[in-house]
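Student: Following the hints, complete the assembly by docking chains B and C onto the known chain A.
Letter by letter, the chains look like this.
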Amino acid sequence: MKNRILIPEIQPAILGFATVGGRREKEGPLGEAFDLIDASDRFCKKTWETAEAEMQRLSLCKALEKTGKKATDLDAVFAGDLINQCAASIFGLVSFPAPFFGIFGACSTLTEGLALASLALQSPGFSLAAVVTSSHNCAAERQFRSPVEYGGQRSPTSQWTVTGAGAYLLSARPEKGAFARITALLPGIALDSGITDASNMGAAMAPAAADTFLAYFAESGERPEDYNRIVTGDLGEEGSSLFLEFLEKNGVKNVRNHEDCGALIYDRTRADVHSGGSGCGCAGTTLGNRYLPLLQSGKMRRILFAATGALMNAASVQQGLSIPGIAHLVRLESPAAGKEEVWS
Amino acid sequence: MKFEKNNYKRYAKQHARRSPLGKNCLAAFLSGGGVCAAGELLYHLFSGVFRLSEKESGLCVSLVLIFIATLLTGIGVFDRIAKHTGAGTLVPITGFANAVASPAIDAKSEGYVLGVGAKAFTVAGPVLLYGTAAGAVWGLIFWLTKRG
Amino acid sequence: MELTLSLCKAFLVGGLLCVIAQILIDETAMTPARILTLYVTAGVVLGAAGVYEKLVDFAGRGATVPLTGFGFAIAEGVKEAVTEQGFLGIFTGPLTAAAGGTCAAMLFSLAAALCFSSKPK
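Keeping their order, the protein sequence lines are chains A, B and C.
Position 306 of the first sequence, counted from 1, bears residue number 306 in my numbering, the numbering being contiguous throughout.
Position 27 of the second sequence, counted from 1, bears residue number 27 in my numbering, the numbering being contiguous throughout.
Position 67 of the third sequence, counted from 1, bears residue number 67 in my numbering, the numbering being contiguous throughout.
Honestly, the hints are just simulated from the structure, not real lab data.
All residues carry an ideal CB built from backbone N, CA and C; glycine is no exception.
Over the 12 Å line for every Cβ pair with chain B, so calculated as not near, a few chain A residues:
(1) Q11
(2) C61
(3) E333
When the alpha-carbon atoms are kept at most 25 Å apart in a straight line, the in silico DSS-like pairs for lysine-lysine are as follows:
(4) K5(B) <-> K253(A)
(5) K2(A) <-> K2(B)
(6) K5(B) <-> K2(A)
(7) K23(B) <-> K121(C)
On the chain B side, residues computed to face chain A include the following (Cβ under 10 Å):
(8) P20
(9) G74
(10) S102
(11) D106
(12) S109
Extracted from the complex, chain A is given alone in its bound form (with noise of 0.2 Å):
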């Protein structure tokens, strides 16, 4: 099998970020952490839509205010979201004069993003990039599963859609106050799971997550103990152990430090978010919340980090088709020397 992983000859660094989400996601246990909420998710918008393409601008917008960088310093901005042909990224970063790139890898968006906007540096020209992603609960809701005031009981395994938004920027020369490098990157190749139940999305991503592990450690020689973390996406709670599963499967055994984006953002004996969050602004929140903080101050050092993605839309799921996974995986390494953090 040839080579999947890619070594960029140009290590981008994340050069800020910021963050925005809505009530649940502030009553979290990253609620802490993000520069903008609003608790009405709303956002001052009459609908879900625009609500949702609001956070992208303002994730953007101060993103962009955190570093010091204006819109015109874009040479790429590479973004994604759940609602229909990617209107929230179209609608919300429409105000910025820059080359635009619309994504869909589902809630694998802002790995993909990550990846393109990587590869995309490499060129000579292209010296700042900007990933962004968000997703909405109530515009999701309503795009495939129920109205918002419907009355229905989720199952156990279902996941709740995250309201938020994160823009990251990254540049191709090393800069002062960078959080992270993108040291590697592994993109993710589709894998039909065979599950056709919507609500069970962490089952659908979990051998395509396992896939994309597995094929960096075997072809990397290392092992899940070489970092810090490796973390997922938004599997969930039953995404995260059948995942576990196929690793143990597979000869990568007692993994103790795999985190889930997904089983962090909310706290899940109060709210009440069954198997735990998803969406583009599931990972697309927490890695800014979280790790990239971590990373840049020394605490961790080296961390794995995929997004992962449910591929579907509300048709394919009625016409009984089963549901493809994706995971794209990006190598994050501090900037700085420091002091790693023990996990334990």
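Tutor: Just chains B and C now, with coordinates in the frame of chain A:
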């Protein structure tokens, strides 16, 4: 990675945490029974106090329950109740009312014609279509047997 | 006393009809829309077979408030319409019987759409 999707589908189903059936059934029984008992109480009110006929009283019970369910849907409370009550609020006429009201309110953002108007029956439409169809089939059978 | 008894009967039968649906939702992964469709159709069939009438006599609103009762009303309405109008009753019966509930749901929902917007969850 070696991966067999048919085996996996079965395995994932086994692996999935199941809904707490006993608790759900108890909640459905108490809430569904409660809605029906409330309907019965209203029925006695309409037939006993307001002296309405059997048919009129029955219809008035439906109207009151539909009104309450629609109002609760509008103020954003119905789904919070239904999360716990499950079939207890789905199966009574309250579930039908919520199934019409929720897409109507939801689709307001697409306007009153193509939004509210066109989408009000996206959830409850099948109930009307298949209820009507079953009724018509029964009507045909009844008509044939009556003639024969 | 008579009132208490009728309330208890309505509670019991209505509650049990809901429990059957809950078991179907949890054990067969049927969606709520399918449950509602199944219930209304079952109501028509049981109404046509003359079974549901006995349940209504016993439990009152416990049998008519659940959606099977909606189906029963359709079956009764069709029977009445065919008796009065013959063949054309097949077409006028079903919706005539369902008119009150359906019309109320439509009108109240339109009013709700005018007054309210969906809330964040």
